[in-house]
Amino acid sequence: DQQVKQNSPSLSVQEGRISILNCDYTNSMFDYFLWYKKYPAEGPTFLISISSIKDKNEDGRFTVFLNKSAKHLSLHIVPSQPGDSAVYFCAASPTLSNAGGTSYGKLTFGQGTILTVHP
Amino acid sequence: EAQVTQNPRYLITVTGKKLTVTCSQNMNHEYMSWYRQDPGLGLRQIYYSMNVEVTDKGDVPEGYKVSRKEKRNFPLILESPSPNQTSLYFCASSLHRDPAYEQYFGPGTRLTVT
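Those protein sequence lines, which keep their order, are chains A and B. Under our numbering, the residues of the first sequence are numbered 1 to 119, in order. Under our numbering, the residues of the second sequence are numbered 1 to 114, in order.
The set of hints was computed from the structure by calculation and includes no laboratory data. What you are looking at is a predicted structure, and each value in this text was computed from that prediction instead of being measured. No residue lacks a Cβ here, since even glycine has one placed at the ideal position from N, Cα and C. Careful: at least some of the hints might be erroneous.
[Claimed, not checked] Pairwise CB distance ranges (calculated):
(1) A:H72 / B:D38: 35 to 45 Å
(2) A:N27 / B:E62: 39 to 49 Å
(3) A:S28 / B:G40: 18 to 28 Å
(4) A:E58 / B:P8: 32 to 42 Å
(5) B:E53 / A:S69: 36 to 46 Å
(6) A:G60 / B:T22: 14 to 24 Å
(7) B:E102 / A:S10: 40 to 50 Å
(8) A:E15 / B:E53: 28 to 38 Å
(9) B:P39 / A:N67: 37 to 47 Å
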């Protein structure tokens with residue numbers, strides 16, 4: 001049972017345009033959401049995160065939006081650059097107050113979306 | 001240089017032959033975790049540790065063991081590997097015990113079990 005889903009396996013955009021990557025989750029105990037970026041032959045690297053008490057978090061060209069009622073988050077990259085071409089994973093975690101004894105400490109990832117930014 | 005190291009980077013082995021993948025971090029991080037990456041399934045957490053001598057199961061722990069005897073090391077042990085454990089494995093660590101904080105990943109270990 002995939003609790004975090006990225007339904008688009010790939011996305012192709014033109015340099016300078018906006019990239020929107022989407023992520024849906026089913027577990028209402030998730031309180032914290034993160035995006036990681038992965039280049040080939042490297043480990044993932046942290047990109048940006050958001051707590052469930054917020055609906056938006058911005059860091060330079062990257063903005064994450066959270067719609068808690070829809071259990072949906074998205075990552076916006078504006079403007080997109082060829083160097084942004086990578087696999088993007090969303091991830092979710094329950095906080096201690098929500099998790100209970102058995103799931104605190106767990107991090108659940110989505111399947112990933114391959115972003116290609118064309119020059 | 002602050003980093004997470006994994007060894008070996010590549011490993012081909014046969015079914016049933018016990019193996020260990022080492023993971024070490026030099027950042028004095030509290031939290032360490034193992035993930036496997038498979039096509040179409042993304043990253044899945046195998047085991048994690050929030051403290052020395054404390055380990056917990058992730059979503060796919062079957063067939064794996066871990067230990068956390070020292071803060072810096074978190075080896076992944078496959079007692080009797082099977083072909084369905086062929087995968088790309090990542091170790092990660094975080095300063096905080098909560099995985100909601102940024103994790104630093106190692107470069108990965110590609111394991112093939114024949």
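Hint check:
1. A:H72 / B:D38: 35 to 45 Å: At 25 Å between Cβs, range violated.
2. A:N27 / B:E62: 39 to 49 Å: violated (21 Å)
3. A:S28 / B:G40: 18 to 28 Å: holds (25 Å)
4. A:E58 / B:P8: 32 to 42 Å: holds (40 Å)
5. B:E53 / A:S69: 36 to 46 Å: holds (41 Å)
6. A:G60 / B:T22: 14 to 24 Å: violated (36 Å)
7. B:E102 / A:S10: 40 to 50 Å: violated (26 Å)
8. A:E15 / B:E53: 28 to 38 Å: Taking Cβ atoms as reference, E15 of chain A and E53 of chain B lie about 50 Å apart, which means the hint is violated.
9. B:P39 / A:N67: 37 to 47 Å: violated (29 Å)
In terms of the numbered hints stated before, the structure departs from hints 1, 2, 6, 7, 8, 9, listed from lowest to highest.
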